[in-house]
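A.B. asks: For reference, the chains in residue letters:
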Amino acid sequence: MAIDHHWLLPEGIDELPPPRAAELEGLRRRLLDMYEGWGYDLILPPFLEYMEALLVSGGDDLALRTFKVTDLITGRTLGVRADITPQAARIDAHKLNREAPARLCYCGTVLHTQPENPAASRAPLQVGAELYGHDGIESELEILDLLVRTLDLCGVEEYYLDLGHVGIFRNLSRQAGLDEQGEQALFEALQRKATSEIQEIVAELKLSPEHGAMFVALAELSGDDALERAEQLLSGAGDEVLTALGELRQVAQGLKERFPAIAPHFDLAELRGYHYHTGIVFAGFVPELGQEVMRGGRYNEYGRSFGRARPAVGFSGDLRTLFRIGKRGDIGTKPAIFAPWPEEKALVDQVAQLRGEGRRVIFALPGQSGDAREQGCGEELRKEAGEWKILPLS
Amino acid sequence: MKFETSLKIALSKGRIFKDTLPLLARLGIEPVDDPEKSRKLILDTNLEQVKFVMIRATDVPTYVQWGAADIGVAGKDVLVEHGGEGLYQPLDLRIARCRLMVAGPAGASLQGDRLRIATKYVKAARAHFAAKGQQVEIIKLYGSMELAPLVGLSDLIVDLVESGNTLKANGLEPLEHIDDISSRLIFNKAAWKMKHADITRFLAAMREAVEG
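These protein sequences, in sequence, are chains A and B.
Residues in the first sequence are numbered from 1 upward in steps of one, following the working numbering.
Residues in the second sequence are numbered from 1 upward in steps of one, following the working numbering.
I should point out that these hints are in silico values taken from the structure, not numbers from a laboratory.
Predicted model, so just to flag it, every value in this text is computed and none were measured.
Ideal placement from N, C-alpha and C gives every residue a C-beta, glycine not left out.
Be aware that a few hints might be false.
To spell it out: a stretch of chain B is covered by chain A in this simulated footprint if at least three of its residues, at any positions, have a beta carbon under 8 angstroms from a beta carbon of chain A; those stretches are [unchecked claim]: (1) 26-36; (2) 81-88; (3) 191-199.
Here chain A stands alone, though its shape is the one from the complex (with noise of 0.2 angstroms):
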């Protein structure tokens, strides 16, 4: 087949041309300068690792959406990163192996080989922060607080916060003695919140009346006053699934005093990232995307395969996506200058003092075509008696 397009890029690969690329940067420097103001320390893990490091939470999923290629050196699969949350805790696992508790930000681009959802990415720029070391309701709400203050500085206007807790599903499939299968089945079906296929599936596994009834409920489990219908549906659903509730009254109400403008929406079917998450999850919704924009939770078994399971909660989302949707004034940069070609000294000092100054000045070359507005400029450096003055386009 003839490849007349080449100029056409590959399916879900996007690129940003000026001065789109030169915001998008700016964002991404705010926003890690103030995860730097936090304390999060940035991390750069490669673009490029083995797959058993990739793949740490078994999850069918994230193998399937990871571009893999043969190590010519070695002859074992490599994977580009489909997610830096696994890079991130080896580095806290392994390398940085610290028993304070370690905070670390990244923003790098990761592959899908299929996107997550239809004209997605497949290229997003992931951008999070991780908290390691401290297994407590302050984490959650330390990292829900720079979740949201992330939502603001990309100029999202309206969002939503939906939380929900894994331990909930988890504790009652052990307690109602699912297997694997059974498990899956009835973890598909809640994230349908299929109400009718839970009955049959609990039909069909021949759960007790009250565990069936548990699962149900955990179906219809959501909204803002989620947690007081299910202390009354799951009550009988023992200490660590009332425990898991009254996690998430806390966080909700810590999030309430920093946020009051906040009402968080709770969602007890709702089970992302099961397989690795272990306590609170979250996520961050605005209304023209109908999609999750900004995702993340607890999950303190991670460490493990690294040697080490930490206690662990972060957010990440994608910065792309945040940039396009969010609504940011502009930040007042001055105009560029013009200046001629220099042939004295005088100019070439006066330039690099200004440039110092960080001011952009562009020299005009000789016999170019295009005047100073075609390249951007908004002022010039002219000769006036003697002196080079910053003046405006004559």
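Assemble the complex: chain A is given as a structure, and chain B must be docked to it using the hints.
C.D. replies: Coordinates of chain B only, in the frame set by chain A:
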């Protein structure tokens, strides 16, 4: 019924639209235009907040997944092929019922090495034969599956069967049951969270309309 927020409901022309209307009417939602006569794709209803989006049946899950509609009505056949990612499917409306079946020439064998199966329902067909431990070749078609065995394109077909009359008219007969099909009420995930009060009331009223 009154809603605080706007609700877009994705429906497809034909049987699903016809069978959904009586349910919506019990909630006091009625279309202003007749979709069979109007060329408009977004139909007004008697409620200012509620609009119908008229699209092809196979596109309903995609529109709802993307949030172009908050709610939709889609057949289980379509949902299985779509995968149902990013959708909630809390209610079986028990309308537009039929069966997904393997069919073929009268007396055709279901056994055989690498049977060729013509179908619009690729995922469901593959999963069905794989569950039986049978490897088959799937031939994706977009319509008139009944023709495929007659002209030697395939050995069998997988298709929706309502009365069985179309099969019969073409000398075919249903051979094996795969799944019972009916239409589900589906919801966009974000709308579920952001318009939760309205969505919950809508769902409860629809559940009552279905069961009552």
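A.B. asks: Work down the list of hints and note, for each, if the structure agrees.
C.D. replies: Now for the hints, and whether the structure bears them out:
Proximity of the region 26-36 of chain B to chain A, defined as three or more residues with a beta carbon under 8 angstroms from a beta carbon of that chain, is not established by the 0 residues found. With 5 residues having a beta carbon nearer than 8 angstroms to a beta carbon of chain A, the region 81-88 of chain B meets the requirement of three or more and the stated coverage holds. Chain A is given as covering the region 191-199 of chain B, and this holds because 6 residues of the stretch bring a CB closer than 8 angstroms to a CB of that chain, at least three being needed.
In summary, the one numbered hint that this structure violates is 1.
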